[in-house]
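Given chain A, put chain B in place with the hints provided.
Number of protein chains: 2
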Amino acid sequence: MPRTSSTRTPGSAVTLQQVATAAGVSLATASRVLHGSGGRRVAEALAERVTAAAAELRYVAHAPAQSLARSRSTVVGVLVHDIADPYFAAIAAGAMGVAREHDLMVLVANTFRDPALERDYLARLRAQRARAVLLAGSAFVGEPFAEEVAAFADSGGRVAAIGGHGTGIDTVEPDHHGGGRLIAEHLVALGHREIGVITGPAGLATVAQRLAGFTSVVARPYVAAADFTREGGRAAALELLRAHPRLTAIFALNDLMAAGALAALRELGRPVPEQVSVAGFDDLPVATDLTPGLTTVRLALSDIGAQAMRLLLDDEPGGRTVPAAAQLVVRESTARAAGVH
Amino acid sequence: MPRTSSTRTPGSAVTLQQVATAAGVSLATASRVLHGSGGRRVAEALAERVTAAAAELRYVAHAPAQSLARSRSTVVGVLVHDIADPYFAAIAAGAMGVAREHDLMVLVANTFRDPALERDYLARLRAQRARAVLLAGSAFVGEPFAEEVAAFADSGGRVAAIGGHGTGIDTVEPDHHGGGRLIAEHLVALGHREIGVITGPAGLATVAQRLAGFTSVVARPYVAAADFTREGGRAAALELLRAHPRLTAIFALNDLMAAGALAALRELGRPVPEQVSVAGFDDLPVATDLTPGLTTVRLALSDIGAQAMRLLLDDEPGGRTVPAAAQLVVRESTARAAGVH
Chain A
1 MPRTSSTRTP GSAVTLQQVA TAAGVSLATA SRVLHGSGGR RVAEALAERV TAAAAELRYV
61 AHAPAQSLAR SRSTVVGVLV HDIADPYFAA IAAGAMGVAR EHDLMVLVAN TFRDPALERD
121 YLARLRAQRA RAVLLAGSAF VGEPFAEEVA AFADSGGRVA AIGGHGTGID TVEPDHHGGG
181 RLIAEHLVAL GHREIGVITG PAGLATVAQR LAGFTSVVAR PYVAAADFTR EGGRAAALEL
241 LRAHPRLTAI FALNDLMAAG ALAALRELGR PVPEQVSVAG FDDLPVATDL TPGLTTVRLA
301 LSDIGAQAMR LLLDDEPGGR TVPAAAQLVV RESTARAAGV H
Chain B
1 MPRTSSTRTP GSAVTLQQVA TAAGVSLATA SRVLHGSGGR RVAEALAERV TAAAAELRYV
61 AHAPAQSLAR SRSTVVGVLV HDIADPYFAA IAAGAMGVAR EHDLMVLVAN TFRDPALERD
121 YLARLRAQRA RAVLLAGSAF VGEPFAEEVA AFADSGGRVA AIGGHGTGID TVEPDHHGGG
181 RLIAEHLVAL GHREIGVITG PAGLATVAQR LAGFTSVVAR PYVAAADFTR EGGRAAALEL
241 LRAHPRLTAI FALNDLMAAG ALAALRELGR PVPEQVSVAG FDDLPVATDL TPGLTTVRLA
301 LSDIGAQAMR LLLDDEPGGR TVPAAAQLVV RESTARAAGV H
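These protein sequences, in sequence, are chains A and B. Heads up: the first sequence begins at 1 in UniProt numbering, then just goes up one per residue. Heads up: the second sequence begins at 1 in UniProt numbering, then just goes up one per residue.
Worth double-checking, as some hints may not be accurate.
Claimed, not checked - In silico contact screen, one side only, chain A against chain B (beta carbon under 8 Å); selected entries:
#1 ILE83
#2 LEU104
#3 VAL108
#4 PHE112
#5 ARG113
#6 PRO115
#7 ALA123
#8 ARG230
#9 ALA259
#10 ALA263
#11 THR291
As the list claims (entries may be wrong) - Restraint-style ranges between C-beta atoms, simulated for each label pair:
#12 A/GLY293 / B/VAL223: 26 to 34 Å
#13 B/ASP314 / A/GLU48: 42 to 50 Å
#14 A/GLY269 / B/VAL223: 36 to 44 Å
#15 A/ARG320 / B/GLU185: 54 to 62 Å
#16 B/GLU173 / A/ARG320: 20 to 28 Å
#17 A/HIS244 / B/GLN327: 44 to 52 Å
#18 A/ARG320 / B/ARG129: 30 to 38 Å
#19 B/THR288 / A/VAL188: 46 to 54 Å
#20 A/ARG246 / B/ASP314: 31 to 39 Å
Think of the hints as simulated: they come from the structure by calculation, not from any bench. Even glycine gets a Cβ: it sits at the ideal position worked out from N, Cα and C.
This is chain A alone, in the form it adopts within the complex (with noise of 0.2 Å):
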């Protein structure tokens, strides 16, 4: 037999104002405890106190979650950093397709890489009261940015994220680490020794972790940085074969700069992969069409997006962290190191 409690009124569906005041915790807190919603912390003797009361009124998290939806916009808030970058443009769409059956209207926002901008651009959603937002962009490593998520969550919103932007929210992780590591093993393999590697934006979380996946197996490759950009990827690799002239392969960290890697070369006549091995991450639909076609990291960048929003409107409690693998894709533009049999 069901228990029930005084606070309950029969036949309806327990809200979570009751088990807060069971509780004797504000809505947010209570909020934060069972959705998983904000970044703040709670303390854990709250957290007991809410989850028990919970227990006791038979609170079911679906219902309320769902009430509280109701009450909000259709609109989802993407954030990316970069629109025109094919790799958030394929996460964005993917996202967009699940939004769509769901007959949700979705925004999608370009912070330029500007933590400042981020943060106005969730304020703005909270104001106008977006039922969710999907952080797409890559953290910045060490920017706090906890507050804002957790007063858009406070508010009522979801939050979703790509790789890890703080606790308590929903997070698709794509593993960067273990990609980087995966081109270091493919290059070791093949006999490379001296290899460079063409980094992206500085203070990137996915920057920072394909680089740390390489570097775990590659101590010590010689580095340029680089925008993320073909053009950029382009200057880094004539910097780096100007200042390393016995380099024989060249890891991107995104397959834009490694089809720029590609166009230095040629303008350099070096043969790829004869002379240099070039590889990349993300395996962009141009990958296979670039000639020769990229050895590259395959991230399902639209699936990532799908998976993303469906987390978003679950209605589940947050929290959760769903891993995204990572997967090597040999292509031509990598072979033996020159001098290596």
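For chain B alone, coordinates are given in the frame of chain A:
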């Protein structure tokens, strides 16, 4: 000496309402005449009364338009058909760069080429008092859209478009027709007579214009329909080559589909351009990285987006049309037709 009018408060700017009152018209009508806002026609006699009143009162369009703008949010909406298409990503990026210089926030909505969804987004942006909206996607042939645009403009928002979307709207007009003609002239000069065309989504003005430009030179190409994606282009090219094995050239109405056509020809072992020439449209960055390099039509997409955003923000009267030239870019994918010397 400046004339003053009895309806003018000394020392303060003349308002649009004062002009409307003096002319005996509604504020919306005065706005349509003086700011070019909205898609509805204003009868000539009414328009003359408004311009006469504005002259009499020494009305300066700039100040009140600005004050109107100040009462609105700092959000500008950009409606695109498919953000995963680099064509739109490049336009959006150009528009966003200008918006950022003006401290405006851009929200991009993806309409999936669905006119109903496009109207929904426009209504939502109006409800949120977005300052302006850029219709970046091609209009649908014969699809009436003017009412929603007028409603947005009547509420005080600015509207601009890329490609014709109706009278009274500031427009950047890429020369799709001229670009289609340039490719046709180029292929005919190379001796091609049996030419296949891969078209894009039915009903889009852009598709109709590019095709009309081409058929103004080559009256009867073989035609296969596709959807502006690489995969669609690949399938359509296979279909064309199976049905018409004597084709010596394929013109795809965008570069993504041309990349798919190149992939199809690689699969079939038919060398490009020795057996079949291929041309695209847009000159996306990828065009130069394809093998062989793609002959195409350059539209300065980022500039087009930037220019459209400037039209939205300059508070000048609307209804302007700024042409954007199409330029033939000849690379290695086109050559003399086989058998022609």
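Structure-based check of each hint:
1. ILE83: holds (6 Å)
2. LEU104: violated (11 Å)
3. VAL108: holds (4 Å)
4. PHE112: The hint holds - A/PHE112 has a Cβ within 8 Å of chain B, the shortest such distance being about 7 Å.
5. ARG113: violated (12 Å)
6. PRO115: Nearest chain B Cβ about 15 Å off; hint violated.
7. ALA123: Hint on A/ALA123: violated, closest Cβ of chain B at ~10 Å, above 8 Å.
8. ARG230: holds (6 Å)
9. ALA259: Where the cut-off is 8 Å and the nearest Cβ of chain B is about 5 Å from A/ALA259, the hint holds.
10. ALA263: holds (7 Å)
11. THR291: The hint holds - A/THR291 has a Cβ within 8 Å of chain B, the shortest such distance being about 4 Å.
12. A/GLY293 / B/VAL223: 26 to 34 Å: holds (31 Å)
13. B/ASP314 / A/GLU48: 42 to 50 Å: violated (60 Å)
14. A/GLY269 / B/VAL223: 36 to 44 Å: About 41 Å separates the Cβ atoms of A/GLY269 and B/VAL223, which means 36 to 44 Å holds.
15. A/ARG320 / B/GLU185: 54 to 62 Å: This hint holds: roughly 58 Å between Cβ atoms.
16. B/GLU173 / A/ARG320: 20 to 28 Å: violated (48 Å)
17. A/HIS244 / B/GLN327: 44 to 52 Å: Cβ of A/HIS244 to Cβ of B/GLN327: about 39 Å, so the range 44 to 52 Å is violated.
18. A/ARG320 / B/ARG129: 30 to 38 Å: Holds, at about 36 Å.
19. B/THR288 / A/VAL188: 46 to 54 Å: Between B/THR288 and A/VAL188, where Cβ atoms are some 32 Å apart, the hint is violated.
20. A/ARG246 / B/ASP314: 31 to 39 Å: Since the Cβ atoms of A/ARG246 and B/ASP314 sit about 55 Å apart, the hinted range of 31 to 39 Å is violated.
Consistency note: the structure conflicts with the earlier hints numbered 2, 5, 6, 7, 13, 16, 17, 19 and 20.
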